[in-house]
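Each residue of the sequence shown is one higher than the one before, counting from 8 in our numbering.
Heads up, a few of these hints could be off.
[Claimed, not checked] Quick list of simulated restraints, FRET-style, between CB atoms:
{"hint": "1", "residue 1": "97", "residue 2": "134", "range": "28 to 34 Å"}
{"hint": "2", "residue 1": "230", "residue 2": "176", "range": "24 to 30 Å"}
{"hint": "3", "residue 1": "215", "residue 2": "174", "range": "16 to 22 Å"}
{"hint": "4", "residue 1": "196", "residue 2": "33", "range": "44 to 50 Å"}
{"hint": "5", "residue 1": "230", "residue 2": "29", "range": "57 to 63 Å"}
{"hint": "6", "residue 1": "190", "residue 2": "94", "range": "20 to 26 Å"}
{"hint": "7", "residue 1": "230", "residue 2": "31", "range": "32 to 38 Å"}
{"hint": "8", "residue 1": "132", "residue 2": "215", "range": "40 to 46 Å"}
{"hint": "9", "residue 1": "94", "residue 2": "193", "range": "48 to 54 Å"}
{"hint": "10", "residue 1": "28", "residue 2": "116", "range": "18 to 24 Å"}
{"hint": "11", "residue 1": "231", "residue 2": "176", "range": "20 to 26 Å"}
{"hint": "12", "residue 1": "90", "residue 2": "30", "range": "37 to 43 Å"}
Derived from the structure by calculation, the hints contain no laboratory data.
Where a beta carbon is used, it is the ideal one built from N, C-alpha and C, also for glycine.
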Amino acid sequence: MSDSWAVVPLVVCAIAVVALAILTIRHRQRLAESVERERVLMSRVSELEHEATAATLATADIRPLENDPGPEIDEELDGEEGSLTDASTGLFNEQFFRVSLDTRVSAARRHLRPVAVVLVQVSEGVREGAPSPVAPDLVAEGVRATLRDADTACRLDDGRFALILEDTPENGAVWTVERVRRALALERPGQTLWAGIACYPAHAFDAWELFDRAANALVAAREWHQDRIEVATAD
Numbered sequence: 008m009s010d011s012w013a014v015v016p017l018v019v020c021a022i023a024v025v026a027l028a029i030l031t032i033r034h035r036q037r038l039a040e041s042v043e044r045e046r047v048l049m050s051r052v053s054e055l056e057h058e059a060t061a062a063t064l065a066t067a068d069i070r071p072l073e074n075d076p077g078p079e080i081d082e083e084l085d086g087e088e089g090s091l092t093d094a095s096t097g098l099f100n101e102q103f104f105r106v107s108l109d110t111r112v113s114a115a116r117r118h119l120r121p122v123a124v125v126l127v128q129v130s131e132g133v134r135e136g137a138p139s140p141v142a143p144d145l146v147a148e149g150v151r152a153t154l155r156d157a158d159t160a161c162r163l164d165d166g167r168f169a170l171i172l173e174d175t176p177e178n179g180a181v182w183t184v185e186r187v188r189r190a191l192a193l194e195r196p197g198q199t200l201w202a203g204i205a206c207y208p209a210h211a212f213d214a215w216e217l218f219d220r221a222a223n224a225l226v227a228a229r230e231w232h233q234d235r236i237e238v239a240t241a242d
């Protein structure tokens with residue numbers, strides 16, 4: 008009889024372990040389903056925001072972009088008037104970027120979420136003293152392979168690449184640019200990537216002040232004859 012009673016705690020413990028394991032599995036399943044629903048929802052929200060941005064382009068008050076990066080990347084860009092994409096890369100063009108930046112910063116303000124603006128320039132021959140732009144389609148491939156669906160990638164009229172990273176603070180933006188740099192380095196070694204980063208609300212509250220700070224950070228990065236990622240300051 009005493010031996011039978013001695014087995015009872017072991018049975019209870021075994022049942023408790025099994026029950027805990029079942030609850031853990033179910034919790035993980037629910038968590039995975041929740042994450043997937045959130046991903047699908049964010050992707051759809053991004054699509055709707057892009058559609059809304061495209062619909063307002065015709066009547067938008069568009070400011071000119073400043074901080075020209077220099078003559079070494081000036082080139083003739085082909086494209087059809089009225090198109091929202093850059094003909095050389097298939098990314099969104101400057102017209103789309105101008106409106107999208109205002110839209111994304113306004114959304115970040117409403118939802119109390121950070122957003123990062125990144126300006127990127129990629130050249131080759133920098134170490135040899137003869138810099139020249141890397142083919143834009145190669146840069147675009149590296150960008151596409153790295154960014155999320157919710158992010159926005161554009162090519163500006165002056166050849167720079169502009170990224171708008173959703174729900175991304177400073178450290179996340181730096182890591183994203185580093186992943187782009189690595190993707191490009193694997194494709195064609197010897198390239199030099201410069202990037203300037205500015206984040207809302209850490210560095211500015213206005214969309215175009217944010218852009219200007221990212222542009223100034225890019226100018227600072229280009230002073231280095233090697234890969235360089237510069238982050239704006241709040242001053």
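These are the hints, each one checked on the structure:
1. The hint said 28 to 34 Å for the Cβ distance between residue 97 and residue 134, and at roughly 30 Å that hint holds.
2. A hinted range of 24 to 30 Å for the beta carbons of residue 230 and residue 176 is consistent with their spacing of about 25 Å.
3. Distance hint check: the CB atoms of residue 215 and residue 174 are about 21 Å apart, consistent with the given range 16 to 22 Å.
4. Here the CB-CB span from residue 196 to residue 33 is close to 48 Å, well matched to the stated 44 to 50 Å.
5. Look at residue 230 against residue 29: about 60 Å separates their beta carbons, and that is inside 57 to 63 Å.
6. With their beta carbons about 23 Å apart, residue 190 and residue 94 fall inside the hinted range of 20 to 26 Å.
7. As the Cβ distance of residue 230 to residue 31 is approximately 53 Å, the hint placing it in 32 to 38 Å is violated.
8. A C-beta distance of roughly 33 Å is found between residue 132 and residue 215, which places it outside the suggested range of 40 to 46 Å.
9. Between residue 94 and residue 193 the C-beta distance comes to about 26 Å, which lies outside the given range of 48 to 54 Å.
10. Hint check: residue 28 to residue 116, Cβ distance near 45 Å, so the stated range 18 to 24 Å is violated.
11. Range check, residue 231 to residue 176: Cβ separation about 24 Å, and the 20 to 26 Å hint holds.
12. One distance hint, 37 to 43 Å for the beta-carbon pair residue 90 and residue 30, is violated here, with the actual separation near 54 Å.
Consistency with the previously given hints fails for numbers 7, 8, 9, 10 and 12, ordered from lowest to highest.
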